[in-house]
Amino acid sequence: MKNRLKLLRVERDWTQGQLGEALGVSRQAVNALETEKHDPSLDLAFRIAVLFGRPVEDIFENPHA
Amino acid sequence: MLAMARNSTPAHQRYVVRTMAFMSGYVAINVAAIFGAFDDISSPVAAWALALAVSAPVIGQIWATLSLLRESDEFVRAVTAKQFILAAGMAMAIASVWGFGESYADAYHLPAWIIYPLFWACFGLTAPFVRNSR
Numbered sequence: 001m002k003n004r005l006k007l008l009r010v011e012r013d014w015t016q017g018q019l020g021e022a023l024g025v026s027r028q029a030v031n032a033l034e035t036e037k038h039d040p041s042l043d044l045a046f047r048i049a050v051l052f053g054r055p056v057e058d059i060f061e062n063p064h065a
Numbered sequence: 001m002l003a004m005a006r007n008s009t010p011a012h013q014r015y016v017v018r019t020m021a022f023m024s025g026y027v028a029i030n031v032a033a034i035f036g037a038f039d040d041i042s043s044p045v046a047a048w049a050l051a052l053a054v055s056a057p058v059i060g061q062i063w064a065t066l067s068l069l070r071e072s073d074e075f076v077r078a079v080t081a082k083q084f085i086l087a088a089g090m091a092m093a094i095a096s097v098w099g100f101g102e103s104y105a106d107a108y109h110l111p112a113w114i115i116y117p118l119f120w121a122c123f124g125l126t127a128p129f130v131r132n133s134r
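Protein sequences appear in the order of chains A and B.
For the first sequence, the positions run 1 to 65 when my numbering is used.
For the second sequence, the positions run 1 to 134 when my numbering is used.
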């Protein structure tokens, strides 16, 4: 799923590991999200949205829109 | 090794420790058997107890693998589950072909426990190709 996660992370000068720690997932999971190898669960997508203070659709492109 | 440890998750680290513990027990029992520690066993009950003792670390290692799935985050869980299912399917397919080979084509008889190392061999062969959760 296309997303702006890497851009948002780099803007804050966070490493993948730091973002993973903030979200409660592994660095591998963050990398997989950024490289579109993993579509997040609804729960994780909402956690990411809350962390960055943005609506989910600002971060993840809706493939059905 | 250190780089692997740095990159691994706490769930992976627990998995490695559990696997090493169970495999140490497995090796110890088998080394004892090779050196004749159980040669005097004659009763069926004692023989089954020995079979269960040898199997216990294998069952423990299966538990460790399933615990890895339970304790990992959603990405690692999904990828590991895909790898596990693919390897299990491959191992069952090979075992079925060989089993029917024994039934109909006089193939050499293999013990049933071979399915376990076969599963991990299949896991090792297929896992590098399963890198995404979809």
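Since the hints were derived computationally from the structure, they do not count as laboratory data.
Treat the hints with caution; some may be incorrect.
Simulated coverage check for chain B against chain A, where a stretch passes if three residues somewhere in it have a Cβ under 8 Å from a Cβ of chain A [said to hold, decoys possible]:
#1 65 to 76
#2 126 to 133
Dumping the calculated EDC-like pairs for lysine to aspartate or glutamate here, alpha-carbon to alpha-carbon at most 20 Å [said to hold, decoys possible]:
#3 K2/A with E74/B
#4 K6/A with E61/A
#5 K37/A with E61/A
#6 K37/A with D40/B
#7 K2/A with E57/A
#8 K6/A with E34/A
#9 K37/A with E74/B
#10 K6/A with E71/B
#11 K2/A with D58/A
#12 K82/B with E36/A
#13 K2/A with E36/A
#14 K6/A with E57/A
#15 K6/A with E36/A
#16 K82/B with E71/B
#17 K82/B with E61/A
#18 K37/A with E57/A
#19 K6/A with D39/A
#20 K2/A with D39/A
Backbone N, C-alpha and C fix where the C-beta goes; we use that ideal spot for every residue, glycine too.
Item checked: Satisfaction of hint between E34/A and K6/A, Cα-Cα up to 20 Å -> This hinted pair holds, its Cα atoms lying about 6 Å apart.
Next item on the list: Take a quick look at whether K2/A and E57/A sit within 20 Å of each other, Cα to Cα.
Entry: Since the Cα atoms of K2/A and E57/A sit roughly 11 Å apart, the hinted pair holds (cutoff 20 Å).
Check: Would the pair K2/A and E74/B pass a check requiring their Cα atoms to be no farther apart than 20 Å?
Finding: Holds - the C-alpha atoms of E74/B and K2/A are around 18 Å apart, at most 20 Å.
Margin query: Need the status of pair K82/B, E71/B: alpha-carbon distance at most 20 Å?
Written below: holds (16 Å)
Check: Has the given pair, K2/A with E36/A, been kept, meaning a C-alpha gap of at most 20 Å?
Finding: holds (6 Å)
Check: Is the hinted pair K2/A and D58/A satisfied, with a Cα-Cα distance of at most 20 Å?
Finding: holds (11 Å)
Note to self: Holds or violated: K37/A and E57/A, Cα atoms, limit 20 Å.
What the structure shows: holds (18 Å)
Check: Given the hint that K6/A pairs with D39/A, does the C-alpha gap stay at or below 20 Å?
Finding: At roughly 15 Å apart (the allowed maximum being 20 Å), D39/A and K6/A satisfy the hint.
Notebook entry, point to check: Taken at face value, is the distance from the CA of E61/A to the CA of K82/B at most 20 Å?
Noted result: violated (25 Å)
Check: Between K6/A and E61/A, does the CA-CA distance stay at or below 20 Å?
Finding: Holds, at about 14 Å.
Next item on the list: Can you take a look at whether the segment 65 to 76 of chain B is actually covered by chain A? Rule is 3+ residues, C-beta closer than 8 Å.
Entry: With 5 residues in contact (Cβ-Cβ under 8 Å with chain A), the coverage given for the segment 65 to 76 of chain B holds.
Margin query: What's the verdict on K6/A and E57/A, does the C-alpha distance respect the 20 Å limit or exceed it?
Written below: Holds - the C-alpha atoms of E57/A and K6/A are around 15 Å apart, at most 20 Å.
Of the numbered hints given earlier, the model fails hints 6, 10, 17; all others are met.
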